[in-house]
Amino acid sequence: MSNETYKNTALIQASLKKRYAREKRFQWMGRFAVFLGFLFLFILLFDIVGKGLPAFTQQYLLIDLDLSADALDVAPDADAEALSRANYAGVIKSSLRDMFPEVKSRSDKRMLYRLVSVGAEYELRDRVMADPALVGTRQSLWLLAHSEAASYLKGQVDPNSPEAERRVKDAQITWLDQLHADERTKSGFNTQFFTAGDSREPELAGIRVALYGSFLTLAVTFLLAFPIGVCAAVYLEEFAPTNRLTDLIEININNLAAVPSIVFGLLGLAVFINFFEFPRSAPLVGGIVLALMTLPTIIITSRAAIQSVSPSIREAALGVGASKLQAVFHHVLPVAMPGILTGSIIGMAQALGETAPLLMIGMVAFIMDAPAGVTDPATVLPVQVFLWADSPERGFTEKTSAAIMVLMGFLIMMNALAIYLRKRFELK
Amino acid sequence: MTRRMTGALALAAAAAAFLPGLANAQGRDIISIVGSSTVYPFATVVAERFGRSSGFKTPKIESTGSGGGLKLFCKGVGTATPDITNASRRIKKSEFDDCQNNGVKDVVEVLIGFDGIAFANSREAPLYELSLKDIYLALAKDVPGADGKLIPNPYTTWKEVDSNLPDTRIEVLGPPPTSGTRDAFAELAMGGGAEQIPALHALSKLGADEVDAIKAAMAALGVPESLYDALAQKKGKAPKGGDIFETIAYSVREDGAYIEAGENDNLIVQKLEANPSALGIFGYSFLEENADKVQGSKIDGVAPDFDTIADGDYPVSRPLYFYIKAAHVGRIPGIQEFAEEFVSERAMGEDGYLPERGLIPLEEEALEEIQAAVKSLKPLQM
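Chains as they are written, first to last, in the working numbering: chain S, 15 to 442; chain H, 8 to 389.
These are calculated hints, taken from the structure and not from any lab test.
DSS-like mimics (lysine-lysine), calculated; alpha carbons at most 27 Å apart, straight line:
#1 H:Lys278 with S:Lys65
#2 H:Lys247 with H:Lys99
#3 H:Lys100 with H:Lys82
#4 H:Lys242 with H:Lys222
#5 H:Lys300 with S:Lys183
#6 H:Lys300 with S:Lys65
#7 H:Lys244 with H:Lys212
#8 H:Lys212 with H:Lys148
#9 H:Lys300 with S:Lys168
#10 H:Lys305 with S:Lys183
#11 H:Lys242 with H:Lys82
#12 S:Lys183 with H:Lys278
#13 H:Lys244 with H:Lys100
#14 H:Lys247 with H:Lys222
#15 S:Lys200 with S:Lys123
#16 H:Lys148 with H:Lys247
#17 H:Lys112 with H:Lys78
#18 H:Lys385 with H:Lys82
Work out the full structure, taking the sequences as your base and the hints as a guide.
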């Protein structure tokens, strides 16, 4: 007998080393998996931030402008209406010619004009309109540089590469170097990126419409999906009789959560746009479609949260004479709230990143003016990323990465909000 | 705390119920434009300038593809349907009829210029000098074999197609069938190449009444007669030799040598950069913007550039259009003004801002004609 025990102990001891080694191996594998995950995340972030950071600076050129009524092609006492139609582009062009008198040929002139952004003309108009006293004076103003000129000033163009292989030509490089030597170039923070809508000029493009659109769309999604989702979860968990029909509903909700999002887009197109004739491209329809998509997630997580509430709470409430409704709304729901909120916000974060369903309902569009309400055309952040990634102009590469950074910032904020709310409700 | 929460829930539910009621309250004061992804970069530039300078709201432009755009456009009249659709090919008779049947009576056609289709590869690889026939032989699903009968495409390298070409594997990244670029590529490059093969050329010239000649030509090519019947059924009438020709010539091989790379032309450029042995098919404006990374192959000895496409020397170029729903002019503000801006001298003229973006402009006379048509909203007849 004792011999037997001894044999077993020896066996165990012999295998012990192996078992420890196995555990160690597993730990190392786990560490490696975590490391690999972080490595890929780091590479992704490094790439995006590296590409996107230059988009947050804007390049300006100091140009001496002749704002005489003559040059502007208006009467000296012109009213606002005439001023809005004055020849600002002509003023900028002739000023550039004056600064570089050696430029003679037509193609060289065109290259010269391309140093300054198309937007400069509208900016100048707005300045003159705001202060009509500028008419008749000479001003040195900082004008926005064209995205190609800006890319050279940011050091993204190698002047030693063959001329045919780059968008910024030798002549333009000479002029820009000269402006730089005269301290007529400067860079500043790109506020326009946050205050402007989409544009086809990379230096003028901004994400305002997409930010507003994302916000309005998510607001609609939340207002629809949260109450409906929570009510459905409460009913299914607390009140619904257990029978075949309830089972069927439950299975269907679980299946809905796995339906590809584009299907919800098609549904939105058929039902809300074609049948109810809601406007295309509107955050309203986008929000409804995304709400349909998020509903299953919210219902499933809410049910899990309600399920995890200890039955004793429910029973205690019923025991002191509370009605079923009172027990649920006064006692169960508050305890389940942190879980419900976390689930809902994760569902919303998922909705924030969707583009496929929005393609069908026309939210993948070029829109410059910010939406004032949920029925105005708008686009959303991931769609803006998609549109810029598809643009031929090289300047949009950095804009794309910058928009991804903003989108990620938005996501982190939402997740932080989820954590905050959970902590807050847990304390009570 | 709990009361507040129930209150909040009830409020949210009420808001949710109320929201959809808003939807139909508003009319539309923004021009709605849909259509071709090739015209999109030009239309958006015009829209932006129009929005900044005209006092009208900036039009909203969706990129749905030419076919998708015309489908939406022809759905009917009213604020729910688009006012303008862009197309990288001409409207088809069937689409025009669809428009008519749905009450879209007056459609104004506006030709805006041309776009070349580039066959480009990485600058690290040697420049290709292709002929249309090379392109057809390299990419068609079936090509004529030694005995004149069609066989599944046997070519795996460019050298096998033409001994002057490099000995690299045939690998072409191109647009999917939903794209207007694909339509133009099929018609101009594949069709143009197939025309140079005598048997196929003869077939394409046969009329619908020459049934026996068509069937004989099909037999000589080894094409099953069932194709004739299938086309007859599809069209509802006897097919022409050209219809049979199109079915044969426009079929792109599906064995992996032609890779459908999606609608995103930037993606194709990136893939070409990573894979110097591949060729890519995309619009000229992307070639121009990415001249530091990719080079356009010469087709029939002509390199794709601004002048050769404008002259029509470069063989693979196509017209670009937009279509206006005349019934909406006057009901949605700014449609005619937008169209006039689009065809104005400062946009479409030789020194305009659209040619700067890679649009190949019209000749002076043609432009004046188009400007007049836009002014008078001359409806299209088909």
